[in-house]
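> What follows is the residue order along each chain.
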Amino acid sequence: MIVLDNVCRTFRIGEELVKAVDHISLKINDNEFVAVVGRSGSGKSTLMNLIGALDHVDSGSIIVNGTDITKLNNRDLAEYRLKSTGFIFQAFHLEPLYTVYDNVRIALMIADIPPRLQKEKVINVLKKVGLESKNGVKVSKLSGGERQRVAIARAIVNDAPIILADEPCGNLDSLNSGLIMDLLKTLHKYGKTIILVTHNINDAKCADRIIELKDGRVIRDEASDLFSI
Amino acid sequence: MKLQTCFQFSLKELRSNRLLFALCSLLLVSIISTGLFIAYSDESIMKSFYNYTLKFNESGTGLYIYFDMPYEMLSLIDDQPFDQLYFNGDSDYGSHYSFKENSLEDYEFWIVDVNSEAYLRMKEGQKTEGVELTEDNSLNNYIWVSKQTSESIGCEIGDVISKCMPNGRTFEYEVAGIYSDENEHYSDFYISSARFFYDINEAGYTRVAHFTAVLANPEKYNHIKNVLKARHVSAWTDYDEEFDMLALIDVMLKSLFVIVMISAMFVVYNIEKIIFRNRLSFIMRLKMLGATTGNAVSIYLIIMECILCLSFVFSFILSFLFSLYVKRIVEFVIPEIEFVTANIGKYVLAGCVICTAILFLVMHIFKTKVDRQSISQVLQDG
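The listed protein sequences correspond, in order, to chains A and B.
Using our numbering, the final residue of the first sequence is 260, and nothing's skipped along the way.
Using our numbering, the final residue of the second sequence is 383, and nothing's skipped along the way.
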């Protein structure tokens with residue numbers, strides 16, 4: 032379970048202080064599929080980064096499975112990111128000069144998985160995302176949809192329970208978007224907690240619950256089938 | 002992340018960013034080989050020259066240094082690393098001798114001790130008329146004249162030969178003996194050193210003696226020269242002009258070496274900064290995937306250390322090849338010189354240690370910076 036209590040995060044943009052996340056408190060249950068929606072600058076991505084420990088809070092606490100991650104040191108935060116989270120970004124954040132296989136393998140190397148197991152796990156996960164035939168291809172040679180599937184493969188290869196997806200379909204056409212959303216639904220079905228940040232309400236409708244943010248505050252939090260624009 | 006994994010990442014990074022690392026290596030090799038070449042040439046030239054100064058000494062045992070100074074100062078130079086020190090007799094006091102008012106300026110006077118080599122040689126196998134020099138009469142105003150000289154100037158035992166000092170004081174010496182001088186190397190007159198120095202002292206002069214010091218290691222010459230100079234004693238050798246010229250070359254090369262080494266440190270520092278800036282987003286992606294900053298930085302520490310070591314090896318080879326030309330030039334300028342190849346292993350080792358220290362320092366600074374940066378911010382900007 033993820034519990035956010037009075038979380039705040041402020042950025043300085045020039046002379047101005049912008050409250051990206053303003054006293055947000057919420058709970059996300061295990062194996063829940065949550066979509067966070069809102070306009071640009073509403074604080075969706077910041078919220079996701081805080082939950083994934085890619086950024087730090089100014090105040091408040093984020094408790095993940097009983098551990099307050101805002102109080103962890105750098106080493107424990109790295110351990111948390113390694114074991115508990117998998118990230119998917121709109122910009123993919125893959126290594127363009129590495130092959131598909133190597134990009135996925137990076138996560139296993141960091142986790143110190145023995146080399147003989149690495150191959151097996153990478154091939155399995157590439158099969159799941161439909162890229163087993165492209166494992167030797169450099170990422171720079173792939174289409175956007177394929178790159179996003181590599182990112183998903185990398186996010187799930189370590190079997191992290193929480194998947195944080197920030198606009199995963201932002202750069203994709205409708206066909207590829209559909210494929211990616213199907214993959215996320217499958218992951219949810221396999222027991223992962225999915226936090227999807229999107230501004231596309233159709234994608235958000237795939238989730239169990241939709242949280243809407245405005246100016247860093249939660250303005251709506253309800254089941255997706257009840258959510259209307 | 003295990004060290005083995007860091008190595009694997011390093012290899013991957015090297016393969017994926019060949020051009021970046023190749024350029025860094027090239028830059029390092031050029032600057033390090035320049036530094037090593039300068040150090041190599043400097044030390045080789047100096048060593049060759051020092052050897053050259055030994056080779057052309059009569060004895061070949063060391064470099065001969067000459068200096069004049071009062072006896073009283075001898076204790077002041079006790080601490081100097083002379084291998085041998087010879088006393089070469091007292092300096093000329095500018096006085097002249099006369100016999101019955103005729104000048105004896107063309108005659109050779111020897112100042113002797115009772116057991117000195119010269120005096121023993123005079124006595125040995127020679128027939129001496131009159132009194133012989135002994136410890137007891139060494140302070141008497143005696144002078145010994147060779148038979149040939151006595152005939153030439155017409156003196157006999159008991160006659161008086163006078164010595165006039167430049168300050169006008171005159172001392173008289175009684176002819177105490179006449180010796181046969183079949184050997185042409187023998188001097189015309191012998192005077193007891195005890196009496197002579199007593200008179201010099203009486204006349205108010207300071208005894209200044211000629212010294213010859215032998216240095217087995219000519220590299221110490223300049224230091225010794227400076228030490229003596231600080232005590233107002235001038236020292237010289239037969240190679241002073243060469244020493245001065247080479248000292249200038251040495252200073253120039255050493256200055257260049259220092260400049261190159263400082264540049265090398267800046268190059269190492271900036272190469273690391275370039276690599277880190279270039280790969281910052283990769284480092285942050287690794288952090289996003291669960292690597293610690295230390296893990297990510299270690300990857301580049303391994304790469305940089307490998308590049309540095311390889312650069313030193315290549316630079317060592319390059320500087321050695323260049324130095325062969327220095328050898329040819331030196332041998333062309335001074336054909337009789339025996340070129341001594343310097344050992345620059347110490348420079349390579351020192352360079353490696355210094356550069357590694359810089360590496361660790363920059364890595365530490367960078368690690369602190371990375372720890373302070375937000376991963377999400379860098380990923381967003383990157």
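A portion of the hints provided could be inaccurate.
As the list claims (entries may be wrong) - Here are a few chain A residues that sit away from chain B, every Cβ distance over 10 angstroms (derived from the structure):
#: 1; residue: Ser-76
#: 2; residue: Asn-96
#: 3; residue: His-124
#: 4; residue: Ser-208
As the list claims (entries may be wrong) - So the derived list for chain B, only partly shown, Cβ under 7 angstroms to chain A, looks like this:
#: 5; residue: Thr-6
#: 6; residue: Arg-19
#: 7; residue: Leu-21
#: 8; residue: Ala-23
#: 9; residue: Leu-24
#: 10; residue: Leu-28
#: 11; residue: Arg-286
#: 12; residue: Leu-290
#: 13; residue: Gln-374
#: 14; residue: Ser-377
#: 15; residue: Leu-380
Since the hints were derived computationally from the structure, they do not count as laboratory data.
Glycine included, each C-beta is placed from N, C-alpha and C at the ideal position.
> If any of the earlier hints don't hold here, list their numbers in rising order.
1, 3, 6, 7, 8, 9, 10 and 13
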